[in-house]
Each structure stands twice: as C-alpha cells, then as structure tokens.
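Asker: These are the residues of each chain, in order.
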Amino acid sequence: MDLLEPTRQAFALLFSGDRELWGIIWLSLWVSVAALALLAPLCVPLGFVVARIHFPGRRALVVAMQGFLSFPTVVVGLVLYLVLSRRGPLGAFELLFTPAAILIGYMVIALPILMVFTVAAVQGADSRIYETARCLGARPLRAMATTLWEVRFAVTAGFVNAFGRVVSEVGCALLVGGNIAGLTRNIPTAIALETSKGEFAYGIALGFVLMVIAVGVNVALAWLQGEGGLE
Amino acid sequence: MIKRIVFTLLTLLCAATAQAQTVRMATTTSTANTGLLDYLLPKFRSRTGITVQYVAVGTGAALKIGEQGDADVVLVHDRESEDQFVAAGFGVKRHDVMYNDFVIVGAPADPAQIRGLKDAAAALKRIRAAGSAFVSRGDRSGTHLRELQLWRAAGVEPKWDGYYLSIGQGMGTALIMAYEKRGYTLTDRGTYLAYLKKTDLQIMVEGDSRLNNPYSVIAVNPSRHPRINHAGATRFIDWLTSDEGQRAIADYKVGGAQLFFPSAK
Amino acid sequence: MSALFKAEGIVKRFGERVLFDAASLELETGNGYVLTGPNGSGKTTLLRVLAGLDFAQEGKLAYRARETAAAGPYPEPWRREIVYVHQQPYLFRTSLADNVEYGLARRGMARERRAALAGEALAWAGLTARHGVPPHRLSGGEKHRAALARAKVLNPVLLLLDEPTANLDGEARAQVLELVRALITESHTVLIATHDPEIIRLAILTRLRVSAQRIEVAE
Chain A
1 MDLLEPTRQA FALLFSGDRE LWGIIWLSLW VSVAALALLA PLCVPLGFVV
51 ARIHFPGRRA LVVAMQGFLS FPTVVVGLVL YLVLSRRGPL GAFELLFTPA
101 AILIGYMVIA LPILMVFTVA AVQGADSRIY ETARCLGARP LRAMATTLWE
151 VRFAVTAGFV NAFGRVVSEV GCALLVGGNI AGLTRNIPTA IALETSKGEF
201 AYGIALGFVL MVIAVGVNVA LAWLQGEGGL E
Chain B
1001 MIKRIVFTLL TLLCAATAQA QTVRMATTTS TANTGLLDYL LPKFRSRTGI
1051 TVQYVAVGTG AALKIGEQGD ADVVLVHDRE SEDQFVAAGF GVKRHDVMYN
1101 DFVIVGAPAD PAQIRGLKDA AAALKRIRAA GSAFVSRGDR SGTHLRELQL
1151 WRAAGVEPKW DGYYLSIGQG MGTALIMAYE KRGYTLTDRG TYLAYLKKTD
1201 LQIMVEGDSR LNNPYSVIAV NPSRHPRINH AGATRFIDWL TSDEGQRAIA
1251 DYKVGGAQLF FPSAK
Chain C
2001 MSALFKAEGI VKRFGERVLF DAASLELETG NGYVLTGPNG SGKTTLLRVL
2051 AGLDFAQEGK LAYRARETAA AGPYPEPWRR EIVYVHQQPY LFRTSLADNV
2101 EYGLARRGMA RERRAALAGE ALAWAGLTAR HGVPPHRLSG GEKHRAALAR
2151 AKVLNPVLLL LDEPTANLDG EARAQVLELV RALITESHTV LIATHDPEII
2201 RLAILTRLRV SAQRIEVAE
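Residue numbers (this note's numbering), protein chains in the order written: chain A, 1 to 231; chain B, 1001 to 1265; chain C, 2001 to 2219.
Simulated from the structure, these hints should not be mistaken for laboratory data. The beta-carbon is built from N, C-alpha and C at its ideal position, and this holds for glycine as well. Heads up, some of the hints might be wrong.
Partner residues aside, some chain C positions facing chain A, computed with beta carbon under 10 Å [to be verified]:
hint	residue
1	Gly2052
2	Phe2055
3	His2086
Coverage of chain C stretches by chain A, computed from C-beta distances (three or more under 8 Å per stretch; other residues unrestricted) [claimed, not checked]:
hint	segment
4	2075-2083
5	2173-2183
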C-alpha cells in the first residue's frame, strides 16, 4: 500500500487550513486545557494539604489515588455514559454527547494524575521552604503558595503528564462524546473514524498533529526546566 | 525426521483446508445489528462446513474493503454504489438478496410534527425548519446515502448548526443518540425493531417508495487479488439466493416481526 | 529592664527521649545571647520552639505582654517580629533581590521601597556584586550572608540564629562573623545557637548553656 501519497495529502490538508480538520484540533486542545484549568485550583492546594497534613484516612486516600493513576479511560467513559444518559441519575442535564461530557471525563481521568504529582512534589519539597516563608512573616496560605512555586517544575510535570494522557485518549471521548462531526469529534476519535473509513490522509494529518502536541508539550517542559530542574 | 515432515505437511494441509473453509465478508451494520447474520451464518456452516467471518461497517466502507481485496464477498444496500463497484471491475456480479425499508423515527413528542406524513423528503424539510435534532450516520453507509438523496429531494442542505449530528458510526449508535438527544433519524426498520427496547423512539414516517431498501450480494473479483476465496464466496451467494437461504431470511423475526423480505430471482 | 522574651518550664520529648525537662530562659531587650552545648543537646530544637516551628509538650512562652502555651499555636503577630534563620538557610529559587524582599512584601510594603531596602541590606551583607546571580549558584558563605540580609532587612525585634557559621571556614566564616557582630551591636536582641568558639568568646554575649536538659547561664 502506498503511503507516500496520503502523507503528501495530509500535509496539504494541514496547511490549507481545512476548517473541519482544524476544528477537530481546536476541540482537542481547548477541552484538554479547560479540564486542567478547572482542576488546578482544586488539585494543587488539595495536593499540598494531603502531602503535609496528617488526617484520618490519609494513607488510604493516597493509595487510592495511586491506584486510579492508570485507571482504564474506557471504563471512565462507560460509567460516565451510564450516569449522563437519559436513564441515568444526571440524565436531566442532557450532557451526553456534548463537549461538556468529554470535559467531565477528562477531569475524572486527570484528577488522580494531578493529585499524585502534586503530593509527590510537595513531599519532595525541602521542609525548610515552608518554614522559611513562615519565619519571614508569610501566612499559611502564602507559605503554601511559596512552597508550590518552589516545586513548580515537579507540579507542572503533573500537568504535562495529565495533558498528554487526556489529549490522546480515545475510549472515554468516543463513548460520552459520540464523535459528532463539528461538535464532539476530537483528534483521537477522528483518527479512529477516518482510518476505519480508509481516509488515510486525514488520519495521518491528525496523527502527526497529535504527535507534535504530545511530544512538543514534553519538550517544552524539559526546556523550561533547563538548568533550573537539573542540579 | 519422517515424523517431522509428516507433521509439517499435515499442518499445511489443515491450513489450506481451513482457508477453503473460511469466507471473509464485508457488510453493513444493519445486517449485523439486527442479528440476521448471527442467525443465518450458522445455518450456512452446517450446510456447507464453511465459516463466514464478517466485518460490519457502512456500505461505502464495505465496498472499499472489497476493492482492497480484504474481503471475498460483500453484502450491502446502495444500488448506485453497487453498480459502480461491478462496473469498475471490483465485483463479479450483483445479486438481489432481500429488502427491507427505511423509516424515519423520532422522539414520541414529535417536535417537528411529522408523524403520519407520507412524503419522506417533506418530513426532513420540516425537521430542518423546526430546528429539531437529526442524527445522521455520516459514514457513506447505505442508510447515509439514502438520507442524502432525501435531503437533495427536499432541496435542503443539511448543515451542522446545532441540530444535524453527523456521527460516522453505525445504525444502533445513531438510534441511541437520537433517543438521547430527543430527535429524529433515518433508520432501516430491521435495526429499529431490534433496538425497540433500548430507546423510546417511534416510527413517524413510512411507506414512501423512496424508503425502499434492497440488499445485494456481490463476489469480489478474484482476478484482482491473489488470495480471494472465490469458491467459498460463490457457494455463499448460491446458498443465500437458494430457496433454503431465502426461507431462512424470511423466517428471521425480532419481537415477532419479520425484518427482511427475500427478493432473489 | 523587663524581659523581652521568656520561656518557662519547657518540656520537650521525642518519643522516649527527653530533650528538655522544665527548661527556662529569659532574654532582655537589646542583649545578645549565645546558646552552647554539645551536639545533639537540643540547641536547634530549642530555637525552633522559640520560633514556633516546633511544639513543646509543656511550658509557656511569653513575648512582650503576651503569653502562650509552648504546646499550642504560635501567635501570628510574633512572626512579624521574631525571625529565625536555619542552620543551612534555604534561598528561594527566584532571585537574590526577591529573597531579600520576601518578608517586606509579606508586610505589604510598596515595590520601590522594598527594592531600596533590599539594596541596602545586600550592600550591608557585601553582596551587591552578586545581584544578578541565581541564589542556588551562590557559595556557602554567600548563602549565609544572604539569609542574614534577608532577616535583617525586616528589622526584627528578636533574631534567632542557628549555627550562622556552620560549615564555613576561612574568609567566608570571617565575613559571616562580621555580620553577626554587626547585628549584635545594632541593638537587635539576638540569640545564637553555636559551637563556634569565636562567637562564644565574644564578650558582649551572655552565655547560656544547655546542661542536663536545662538551660543555665554560664559563669
């Protein structure tokens, strides 16, 4: 099978600014970023608290979060589907087969990742950071912010990891999104669809973009860390 | 040493016979989702010993698979595409097998008020005017192609602007989505009946002659690809169009209703 | 002169091990104190309790007019006036200026004034030339001096220094010693935990000794 021609077509598609194609890419990007942006104000402070404060059930929580790290995304999709469908408890909100459903799914998938990375980052933080901040007159909330800033690379790594996971997952997005053209068709679901239809140019174009995104984000993190990350 | 040679030969023989005992078919989701194939194929196997392995996609995709030589026989429902397929030399000959009909189904509340209309194109026009949700297969399947013909007849361009949901997936999925979105969709009667328990959709429009849905079976042209099981494909077609096969098709019922009607001549 | 800071009846246990058993001390305003004792005798722990970084099981702390339990929460207003400097100070991974300005920013000081005061403190510590250097690239002695500048710029009423010359020798140590001397003569109240003989020998310091889980004024 000749793959050169579809590949050439793929790049022609990309650079021609094909609206449908770029609409798919945009959906992938904004839903992934929005999911993380919504989770951040919850997960980062919560991760700090879990890392530093001993409360009953803390260990169980940490173990559970670790367990959910590699939770199959298609099962997340399954449960979410049942919950959001008209027969389900949240059916009245008519969220199934909308971008919002994918957003919710992404948040569920990303949550344990962000928590685990933030907890690890804070636990790995030098205990002198928080103390120094407090000694210099910072209130507990401010000292927390200072600590998180000091371990910002480790925390950001969590976001990069979570982003990579949700932007390329296909099971959940397909189930709760429905792969509706122009509405809930994102990069992975579109690749699955177009390839099965034999539209290789489309699949290759999207696959290339996904690769660039996934690899690019990791490279950007590594570059940002620069000398700051390596001692 | 002798043992080894014998063993190898036996394995090869088994593999060779296994080849002859398997036919690959590309067909549509409507024949699969209705359960027809799971009912017919075991009968064929007990008659001939041949196993038919099938992949169910849309008519367009199924014909593409046949074109690529990844199937020995195709069972699809879009006359125009089928004729093109044979004319281009990808298929040997088109045979009538059975037919069913399409219906327009929708949410019981019928927001576009199309219940009972006899003109399918007019019904689609009303749906568009009312801005109700309409789920399209969007996958160049037989159903999708028929839907596009009806839009053309109605003189309406189905664009996505909140109401037209093009999903690129099978009939079963389309029905569920129409149910969830409280909208309409075009479906073959067979799949609709098979999914009766899963949705609350009701038949709104039926009987329009443009909703007739004939199925054809075509053997993939063996001269184009090296490993086509043409013998097996031919036996399958012969059986399907025989009295026995046609009777089996007519006997298949879901919820007491016959889904497909034999049409082989 | 009334005592600026008092610790009474401090009991500190780590599991089975008793570090302090009803230890007490009094610090007078404007005086300098050095806390000595063998390694592991609890000098750092005591300083941390006084600074509110660790709890004691029993005892009272009194600062100015106010009293609090050593086992209970440390009053927030005290942190504005009592500054503790770690044995190995931690400098934030931002900039040298940001580090020195940190405490001022927490007190709501305006940017320009902060920058001016920080510049002065860095000059006081002899670090003006190192202005653009990332803090983690400073030498050991420079880090100590930066931490002292960071504390001094806040004009603390009570300064708690933990081993300010730890792991330093030669030129670096001499430079830090100079700053410590300056801090003492600039009439901050200072309590220094150390076993550096040069600091211990400073005549202007009152010597406190940790002995048998108590604190006593030496000779």
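Asker: For each hint, tell me whether it holds in the structure or not.
Answerer: Now for the hints, and whether the structure bears them out:
1. Here the hint on glycine 2052/C is kept, as its CB sits about 8 Å from the closest CB of chain A, short of 10 Å.
2. Because the smallest distance between the Cβ of phenylalanine 2055/C and any Cβ of chain A comes to about 14 Å, over 10 Å, the interface hint for this residue is violated.
3. Annotation: interface hint on histidine 2086/C holds; nearest CB of chain A at approximately 5 Å, less than 10 Å.
4. Residues of the segment 2075-2083 of chain C with a Cβ under 8 Å from some Cβ of chain A number 4, which satisfies the need for three, so the listed coverage holds.
5. Counting residues of the segment 2173-2183 of chain C whose CB lies closer than 8 Å to any CB of chain A gives 0, so the stated coverage by that chain is violated, three being the minimum.
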